[in-house]
Each structure stands twice: as C-alpha cells, then as structure tokens.
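Visitor: Kindly produce the complete structure, drawing on both the sequences and the hints.
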Amino acid sequence: MRWYVVRRVVWAVVATFLILSITWGLLAITPNPAAEQMQFQAAASGGSAEAAQEAFEARRGLDRSAWDRYREYMTNMATLNWGWSQSRSQPVIDAIASALPYTAVYSVPTTILSILVGLSIGLYSATHQYTRTDYAATFLAFFGYAIPNFWFGIILLLVFGVQLGWFPVVFDSDLPFFSLGMARQLVLPVVVLVTGTIAGIMRYSRAEALEYVEAEFVKTAKSKGADGYRILTRHVLRPAAVPLMTILVGDILGIFLAASYLVEVVFGIPGLGQLSYNAIIAQDTSLVLGTTLIFTFISVIGNLIQDVAYTVLDPRIDYGDR
Amino acid sequence: MPSGNDRRSDWGTAGRRGRRDVLKLIGATGVAGLAGCSGNGSGGDGGSTDRSVQGTYVSASSVDAQSLNWLTIADATSGSYVTATLDGTWAIKPNREIFPLWADYSTDDGRVYEIELRENLEWGAGYGEMTAEDWVYMIKNVFQARPNWSGYPNADAWFRVNPDSGEREPLPVERTGTRTFEISLFEVDPSFPFKPVLWRQQCIPKGILEKYVPEQDTEGLQQDEELNTLAYTGNLGPYSYDEWERSARYTVTRNDDYYLQDVDGVPERFGETPYFDQQVVRVISEESTRLGALESGEVDSSGIPPDKATRFENLPNVNVNVTPQPYARIIVYNMRANGWEPFRSKAVRQALGFAVDKETIVGNVLRGYGQVAQTMQPKWSQWYDDSEVTEFGVGDRYGPERTRSALESALSGTEYAYDGERLVDGSGEQVALSIYYDSGQPTEGTIAEFVAQEFSENAGIDVRPEAVSSSTFQSNYVQTSTPEGTEPEWTAGVFNGGPRDVATSAKPWDMSINLQFNTYPFTPASSKGFFEERGGINYYGYYPEEDIASLYEQATATTEEERRTELFGEAFGLISEEQPFGFLAMPSSVSGYAENVRGYDEEFNTGWDSQTWYFA
Numbered sequence: 001m002r003w004y005v006v007r008r009v010v011w012a013v014v015a016t017f018l019i020l021s022i023t024w025g026l027l028a029i030t031p032n033p034a035a036e037q038m039q040f041q042a043a044a045s046g047g048s049a050e051a052a053q054e055a056f057e058a059r060r061g062l063d064r065s066a067w068d069r070y071r072e073y074m075t076n077m078a079t080l081n082w083g084w085s086q087s088r089s090q091p092v093i094d095a096i097a098s099a100l101p102y103t104a105v106y107s108v109p110t111t112i113l114s115i116l117v118g119l120s121i122g123l124y125s126a127t128h129q130y131t132r133t134d135y136a137a138t139f140l141a142f143f144g145y146a147i148p149n150f151w152f153g154i155i156l157l158l159v160f161g162v163q164l165g166w167f168p169v170v171f172d173s174d175l176p177f178f179s180l181g182m183a184r185q186l187v188l189p190v191v192v193l194v195t196g197t198i199a200g201i202m203r204y205s206r207a208e209a210l211e212y213v214e215a216e217f218v219k220t221a222k223s224k225g226a227d228g229y230r231i232l233t234r235h236v237l238r239p240a241a242v243p244l245m246t247i248l249v250g251d252i253l254g255i256f257l258a259a260s261y262l263v264e265v266v267f268g269i270p271g272l273g274q275l276s277y278n279a280i281i282a283q284d285t286s287l288v289l290g291t292t293l294i295f296t297f298i299s300v301i302g303n304l305i306q307d308v309a310y311t312v313l314d315p316r317i318d319y320g321d322r
Numbered sequence: 001m002p003s004g005n006d007r008r009s010d011w012g013t014a015g016r017r018g019r020r021d022v023l024k025l026i027g028a029t030g031v032a033g034l035a036g037c038s039g040n041g042s043g044g045d046g047g048s049t050d051r052s053v054q055g056t057y058v059s060a061s062s063v064d065a066q067s068l069n070w071l072t073i074a075d076a077t078s079g080s081y082v083t084a085t086l087d088g089t090w091a092i093k094p095n096r097e098i099f100p101l102w103a104d105y106s107t108d109d110g111r112v113y114e115i116e117l118r119e120n121l122e123w124g125a126g127y128g129e130m131t132a133e134d135w136v137y138m139i140k141n142v143f144q145a146r147p148n149w150s151g152y153p154n155a156d157a158w159f160r161v162n163p164d165s166g167e168r169e170p171l172p173v174e175r176t177g178t179r180t181f182e183i184s185l186f187e188v189d190p191s192f193p194f195k196p197v198l199w200r201q202q203c204i205p206k207g208i209l210e211k212y213v214p215e216q217d218t219e220g221l222q223q224d225e226e227l228n229t230l231a232y233t234g235n236l237g238p239y240s241y242d243e244w245e246r247s248a249r250y251t252v253t254r255n256d257d258y259y260l261q262d263v264d265g266v267p268e269r270f271g272e273t274p275y276f277d278q279q280v281v282r283v284i285s286e287e288s289t290r291l292g293a294l295e296s297g298e299v300d301s302s303g304i305p306p307d308k309a310t311r312f313e314n315l316p317n318v319n320v321n322v323t324p325q326p327y328a329r330i331i332v333y334n335m336r337a338n339g340w341e342p343f344r345s346k347a348v349r350q351a352l353g354f355a356v357d358k359e360t361i362v363g364n365v366l367r368g369y370g371q372v373a374q375t376m377q378p379k380w381s382q383w384y385d386d387s388e389v390t391e392f393g394v395g396d397r398y399g400p401e402r403t404r405s406a407l408e409s410a411l412s413g414t415e416y417a418y419d420g421e422r423l424v425d426g427s428g429e430q431v432a433l434s435i436y437y438d439s440g441q442p443t444e445g446t447i448a449e450f451v452a453q454e455f456s457e458n459a460g461i462d463v464r465p466e467a468v469s470s471s472t473f474q475s476n477y478v479q480t481s482t483p484e485g486t487e488p489e490w491t492a493g494v495f496n497g498g499p500r501d502v503a504t505s506a507k508p509w510d511m512s513i514n515l516q517f518n519t520y521p522f523t524p525a526s527s528k529g530f531f532e533e534r535g536g537i538n539y540y541g542y543y544p545e546e547d548i549a550s551l552y553e554q555a556t557a558t559t560e561e562e563r564r565t566e567l568f569g570e571a572f573g574l575i576s577e578e579q580p581f582g583f584l585a586m587p588s589s590v591s592g593y594a595e596n597v598r599g600y601d602e603e604f605n606t607g608w609d610s611q612t613w614y615f616a
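Chains as they are written, first to last, in the UniProt record's numbering: chain A, 1 to 322; chain B, 1 to 616.
Be aware that one or more of the hints could be misleading.
Stated by the list, open to error - Now the stretches of chain A that chain B is said to cover, found in silico as 3 or more residues with beta-carbon under 8 Å:
{"id": "1", "stretch": "56-66"}
{"id": "2", "stretch": "83-94"}
{"id": "3", "stretch": "162-175"}
{"id": "4", "stretch": "271-284"}
{"id": "5", "stretch": "292-299"}
Stated by the list, open to error - Covered by chain B, according to a simulated footprint, are these stretches of chain A (three or more residues, beta-carbon under 8 Å):
{"id": "6", "stretch": "30-44"}
{"id": "7", "stretch": "144-158"}
Worth flagging that the hints you see were computed from the coordinates, not collected in a lab.
Just so we're clear, the structure is a prediction, and the values are computed from it rather than from any experiment.
In this text, a Cβ means the ideal position worked out from N, Cα and C, and glycines have one as well.
Guide: Below, the structure written as structure tokens:
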C-alpha cells in the first residue's frame with residue numbers, strides 16, 4: 001500500500017502542475033475587464049487609453065513576456081514563494097492563511113453534523129422502512145437537497161436575523177473562533193449547508209443499509225443475541241460505509257469548492273470561497289493560482305483518504321499488487 | 001494662506017469629479033462609507049452645539065478595497081479607505097467653491113499656479129514636516145516618470161500638449177519655498193484646480209519614495225509596508241489606520257492630532273472634528289444581507305437600489321438620502337458601418353427622441369429617484385440653459401404621431417417607409433434593431449425592455465433587447481478597429497479606431513445602454529471627446545453637424561464666468577438639438593442612514609466635510 005500511496009502522491013504533483021499551468025494560461029489569455037474599464041475612463045475624461053493600459057501593465061508586471069511571467073511564477077510556486085496578491089495587497093500565503101480558518105470554522109461542524117445526522121436518519125429509515133418517520137425523513141432530505149443554498153440562506157437571515165433578531169446579520173470576524181458569539185453567528189450558515197448535504201448521505205446510507213438489514217450475517221448476529229445498536233453499527237454500517245465513503249468525500253469537497261462561496265457571500269464570511277472567487281474576478285494571478293493549489297491539494301488528499309479508507313473498512317480490498 | 005478663493009470667484013469654478021469618483025463610471029459600488037457622501041445639511045450645519053465625539057460609525061460596502069497604497073490603486077473603495085486617513089490638497093463644496101485642506105492655491109493669470117501648504121502638517125513614522133520638497137519629488141519622479149514605472153493610474157493628468165512643440169510634455173513643477181511650489185501650465189486653464197490633478201491629491205514622504213525611485217523598483221513600491229499600512233499619515237487625516245481584515249472589515253480610529261482642529265478660517269464645527277471615535281466599513285457583498293444589516297441596525301449606512309428605497313423610507317430607524325449624481329443614462333446609437341445607417345441622420349435621431357417617454361423611465365423604472373436627461377448636463381447644473389435646450393420625449397414632444405411623422409419625413413428618399421404601423425425596409429420587412437444592456441444590471445434590463453416597447457409602439461420598429469456582460473461589451477462592441485491589413489486614415493485610440501465607414505467593433509450592434517456617461521457638471525469641458533469625430537471616445541461613430549468641440553474649447557480658455565456659462569449653454573443646446581445619443585435620465589444615488597446619523601445632505605458632491613458627521 002505504501003508504494004500505491006507514493007505513486008498517488010507523485011501523480012498528484014503532476015496533476016497539480018498541469019492544473020496550475022492550465023489556470024495560468026487561461027488567466028493570461030483572458031482580457032481583464034479592470035484594464036478595459038481603466039482605458040475607457042481615461043479616454044472618457046480626455047486622457048490617453050494607451051497610457052492607462054501602460055500604467056495597468058506596469059502595476060501588474062504584465063510588461064514582461066508571457067514566458068518570463070510563467071517561468072517566474074512556477075519557480076515561485078515550487079519554492080513556496082506564492083507571491084503578492086495584487087487585489088489584496090498582501091502575500092498570497094497570508095491571504096490564504098487568514099481565509100482558511102473562516103472556512104474551517106463552519107465547514108468542520110457542517111461536515112460532522114452532516115455525517116452524524118445524515119447517517120442516523122438514513123439508518124433509522126432503513127430499519128423503519130415505509131413508516132411515517134421514514135416518509136418524513138425522505139421529505140426532509142429532498143427539501144434540503146432541492147432548496148437552493150443561496151436563497152435559503154437569505155430567507156433564514158431575513159427571518160431569524162432581521163425580523164426576529166435571534167442571530168446577527170453581519171458576520172463579526174472580531175469574535176474569537178471558540179466563543180459562544182462565533183457559534184451563534186455560525187448557526188444559520190451551518191443549518192443551510194447541513195440541509196443541503198444530509199440528503200445525499202441520508203439517502204445513500206438508507207439504500208446501502210437496506211442491502212444488509214436482511215443479510216444472513218445480520219440475522220445470525222440477531223440470533224446470537226446481539227443488541228440493535230451493535231447490529232446497526234458493527235454489522236450494517238461497516239459494510240455499508242465502503243460505498244458511502246465516496247459520497248462523504250464528495251460532499252466535503254463540495255462544501256469547500258462550491259457551497260463555501262455561496263454561503264460566504266450570503267453571510268459575509270471572509271473565507272476561502274470568497275477569496276478564490278474575488279481573485280478570479282480581479283484576475284489576481286498569484287492569488288488565483290494559490291487558491292487553486294489549495295483546492296487541488298484538498299481534492300487530492302480527499303481522494304487519497306477515500307482510497308485508504310476503503311482498505312481500512314473493507315479488508316477484501318488489497319493494494320498489495322498495485 | 002493665499003487668497004486663491006477670491007480670485008477664483010472672478011472666473012468661477014468648474015471641475016470634474018475626483019479621480020476616484022470618475023472611476024465609478026462603470027460598476028459603481030454604492031459605498032456610502034468613510035469618505036462617502038457627506039455634507040452639512042440634514043444634521044444642521046451650524047449646530048455645533050449638539051455635536052460631540054462618540055460612537056462607532058459602521059458603513060456597509062459591497063466590495064472591498066484593493067490596497068491602501070494609493071499610488072497603485074484605481075478603484076473607488078480603496079480611495080475611500082485611504083481618504084479617511086489622508087485628506088489631500090483641497091475639497092470642493094457643492095456650490096463649486098474650493099475648501100482648502102492641506103493646501104490652498106493662488107494664480108494671477110490662470111496659467112501659473114502657486115500651491116501653499118499649511119504650516120502644521122506632520123508626517124507619521126518619523127518623516128517630519130510635510131514640505132514642498134515632498135511634493136515636487138513625488139510629481140517629478142513618480143507621476144511624471146517615463147516610463148510610468150510605478151503604474152500610477154493618474155499619471156497622464158500630469159502631462160499636457162505644449163503648443164510650442166506640439167508634443168505632450170510633463171507640466172513644469174518647481175519648488176519656490178519650504179512650503180510652496182509652482183505648477184506652470186502651457187495654456188490658461190481656469191478649471192485646473194478642479195481637475196483630479198490636484199483635487200484631493202495626496203502625497204507620500206520623499207523619505208519613502210527615494211528608496212524606490214533610483215532603481216525604479218515597482219515591486220518594492222507596491223509592497224512597501226509603511227505605504228500599505230498608512231504608517232506615514234501622521235496628523236494628515238481625521239482618522240488613523242487601525243486594522244484591515246480583507247473581505248470583512250476596515251477600521252480606523254479618531255486622530256486626536258488632526259491638523260484641521262488647529263487652523264483658522266474654517267467653520268467652527270471643524271474644531272473638534274472628527275466626531276466618531278471609530279469608523280468601520282463592513283464588506284457585505286450580498287445585497288439582501290447588506291440591506292438586512294441596515295434594517296436591523298447593524299450598520300449605520302448603506303447604498304439602496306431604487307426599487308427597495310420606498311420600503312426603507314417607511315422604516316422608522318432609517319433615513320433615506322437621495323443625492324443627484326452626474327451620470328447620464330443614454331441610448332447610444334451605432335452610426336458605424338456595422339450599425340443601422342439611418343442613425344447617421346440628425347433628423348432620424350430627433351424623430352426617435354419623440355419615441356421614448358422619459359418621465360415614465362424616471363417615475364416607474366427609477367421609482368422617482370432621478371431626473372429626465374435632455375443633454376450632456378443635468379438640469380441642476382449651472383451650465384444647463386433652458387432657453388438653449390431642445391426637449392424630447394416629454395409632454396407633447398412625445399408620442400406615436402409625432403414620432404411617425406418625424407421619422408417618415410426624415411427617411412423620405414430612402415428605402416425605408418411606413419407600411420401601416422410598421423416601419424419597413426426596401427424589401428417590405430419590418431426594421432428590426434438590437435439594443436444591448438448589461439446582464440448584471442436588472443434596472444438596465446427593464447429600461448431596455450421599455451425602450452423596445454416604446455420603439456415598437458411609437459416608431460413601428462421591432463427592437464430586440466440583448467443582455468451582455470460588461471467585459472464582453474467592452475471588447476466586442478466598444479473597441480473599434482479597421483480590418484486587419486487596412487491602414488486607417490486616422491485613429492484616435494481603441495475607442496475610436498478610425499473613420500466610421502471602415503473602423504467597426506468586432507460584432508455588429510444598433511443601440512446600447514450599457515454605459516452611463518459622466519456629464520462632468522464641475523468641468524463640463526471634460527466631455528468634449530464624446531462629441532468629436534476624432535474624439536477619444538467615439539465608438540459609436542458620431543460626426544457632429546455643428547462644431548461643438550470648438551465651443552467647448554472657447555469656454556475652457558475663457559476666464560470670464562458669464563461668457564463661459566453662455567458658451568457652455570450654447571454647446572449643450574446644440575447637443576440636445578443634434579441628439580448624438582438618446583438622452584433618457586440622470587439616476588440619483590440613494591443611500592440609507594441610521595436615524596441618529598447627522599451631517600449628510602441631498603446635494604451633488606457633498607463629500608467635502610464628511611469628517612464633521614456625528615451621532616445625534
């Protein structure tokens with residue numbers, strides 16, 4: 001398995017290089033709206049559009065050849081000198097370091113809650129199939145899945161923040177991470193994300209668990225006198241968890257890569273989603289590539305964990321010959 | 001201080017909006033933040049007795065700043081962050097009077113300007129007193145450096161065409177004393193003090209700059225810690241930098257040593273300014289959240305879109321403030337070879353001016369937050385002369401009969417004619433035109449739909465609204481050039497690539513409302529380039545029938561106030577008559593303030609005394 005992991009890591013490095021190169025290339029060929037607007041402003045007020053363009057290029061270091069810029073950037077990435085963020089006037093490393101905790105502070109509880117609540121409801125539904133509570137759980141799952149996070153977040157804010165005043169509307173980044181105030185202002189974003197993610201986990205765990213609820217080895221365990229909890233966790237959940245790992249990793253990555261931006265915009269959380277999106281809008285090359293690297297890293301690690309988890313959960317999966 | 005104000009009153013004032021405001025032309029942020037709209041009205045101008053230093057003023061911004069190093073920025077939000085800690089030379093009052101901050105000016109002939117700095121200006125971080133040497137060093141080595149190694153976005157303003165050489169040259173600048181320096185223009189320009197060259201112009205200590213100037217170290221300058229943390233601001237602004245948490249919050253704290261507290265000749269209310277212990281800008285990009293924060297009292301001010309303003313007007317804890325702004329919402333007609341050719345005819349454009357009901361746009365789409373536009377000046381501007389302006393789209397100068405009869409006569413002798421209610425071309429097909437609008441602007445979309453409906457009902461023309469992103473519009477429709485391999489007879493840059501018969505945009509279009517144009521009510525001559533065949537912005541290919549540019553030029557060089565007003569009045573009359581654009585409306589800026597905030601007013605450019613705002 002060690003050789004397998006090493007090969008996976010090497011491949012991850014190659015993939016990262018390719019992703020960074022492609023992203024850099026796309027940014028380099030995309031016209032920058034800010035530059036065009038500056039040119040228009042300059043010409044509109046009687047100045048020179050060309051001079052405005054020249055000033056923009058000087059500020060962004062675009063007056064050098066594309067090859068020079070690419071080479072320098074890749075060297076910097078390899079040497080962990082991730083450069084200077086033009087759109088935030090700070091080192092890229094600092095920008096990422098300041099944003100990551102804000103993403104973690106809501107995504108970690110979201111992930112834990114999603115897994116716990118999703119699995120619990122899914123297993124309960126599997127063992128109480130076609131009951132009212134099963135139907136209620138199914139409704140809840142599809143409601144959470146169907147409702148757009150962005151819209152749901154705004155509605156929750158308007159109702160519980162503006163109208164009822166139970167939660168703050170504006171995210172206060174002054175509050176300590178481990179404080180009641182922080183927990184209070186994270187309730188709504190976590191609720192939004194959890195409702196969006198538990199559906200998948202719950203439905204998958206229900207379906208997977210159903211496969212094992214009537215399995216021979218479960219019946220055997222029952223006849224041996226094993227209690228319901230033990231049967232559920234040891235005999236049903238463990239085999240069911242192997243395929244579930246795929247969706248769990250997918251959901252967690254989803255929170256980081258997609259949902260984070262929506263939730264961060266609605267609730268004003270200065271996390272990685274906003275950082276990455278704003279960097280793309282501003283065509284802040286260093287920051288775009290820096291955040292891309294983080295997302296790539298998270299994806300690669302996530303997939304690695306998924307594969308390793310397979311072997312731990314299911315001894316039948318063997319990487320010895322790979 | 002020099003008595004510059006007295007002399008100015010002789011030739012009046014004209015100016016254009018500050019460099020940062022100018023940059024709002026596209027994509028306004030709606031920030032009513034640190035250096036945002038302020039004034040002296042609603043809070044009671046003379047009421048210094050009820051002012052006291054207290055509280056934290058929190059404003060909401062839709063976007064964050066890019067940098068606090070003002071040499072490298074060009075966006076309005078960054079500018080407002082810096083202005084809280086650095087005042088600049090002078091401010092302009094709404095009635096177009098200059099209010100000296102760090103400096104005042106004097107001139108005998110409107111050509112040579114002497115700038116005199118106040119005595120009590122102190123840099124922070126041990127850089128000592130601000131002197132003329134700091135200014136001259138910065139202007140010559142950074143603003144006027146060639147190449148523009150620092151990337152200073154406004155460097156172009158420090159160059160002018162020298163009539164002797166015919167070349168664009170740096171304006172001569174010279175130190176004349178410890179606190180005085182002189183700027184010599186090549187030609188008389190009474191509007192000079194009101195242009196971004198000096199209005200609110202800020203400065204950087206020579207001690208910082210000389211670390212980077214010899215090597216022209218762009219990167220070093222951009223990343224300088226003292227510049228990026230405003231460590232050098234000393235007593236030069238009402239607040240001192242406290243903390244900037246990107247994408248979340250920018251905090252400044254009251255500067256107890258603010259220089260304006262100790263100067264003579266300013267209104268009494270400046271004696272204890274500023275009146276907030278702290279100011280905070282909260283970055284809230286989502287509009288609903290921003291407005292929710294204003295409603296719940298978590299922020300003290302925020303911009304409000306017109307369609308939500310009525311709701312806020314009914315809230316007891318929010319006051320809605322409406323200020324005029326200088327941007328005209330216009331229909332731009334494409335008169336180039338890839339547009340509808342009849343737009344080239346003044347009579348056709350005038351006929352189309354009868355087709356759109358401007359009062360409905362102001363009343364219904366803008367919900368009353370705006371004014372009807374008739375020419376390249378708002379009605380409240382002193383340059384707007386009712387007797388010269390020809391009105392279109394209002395009263396009996398609006399409607400189907402008027403439009404059709406005018407259009408029919410304008411198109412006589414061409415292939416176009418009316419077939420019943422429809423305007424048809426030579427092959428009997430109804431004339432179909434496109435109108436482009438910004439896909440990210442719902443209000444703009446509504447205006448485009450309304451224009452399409454009006455053209456259809458009143459002119460019998462089928463108009464198709466097309467949404468397009470602002471960047472796509474810039475590259476595909478605004479930039480014009482001649483086909484590859486063709487050398488144009490002349491070119492005036494990317495936004496006017498040459499004669500309209502050969503230079504066109506990459507894609508065809510007929511009409512657009514994507515860009516709002518600045519009318520420059522303080523320095524109206526700044527819009528000259530819109531109305532010249534070879535103007536820097538003439539992507540629409542307009543060739544004026546009258547010599548509007550020459551009227552602009554005469555007015556620019558005239559120091560006599562009355563004559564200037566007359567000349568500009570005439571120019572704007574001609575523009576309204578020629579209808580180079582379909583003038584529609586001048587939307588207002590709408591902001592909401594917590595009910596205990598005092599100091600703002602409902603005037604154009606009321607941002608000159610924001611340091612005197614206070615909590616009641």
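Visitor: None of the hints should be skipped; say for each whether it holds.
Guide: Against the structure, the hints:
no. : hint    : result
1   : 56-66   : holds (count 6)
2   : 83-94   : holds (count 6)
3   : 162-175 : holds (count 8)
4   : 271-284 : holds (count 4)
5   : 292-299 : violated (count 0)
6   : 30-44   : holds (count 12)
7   : 144-158 : holds (count 3)
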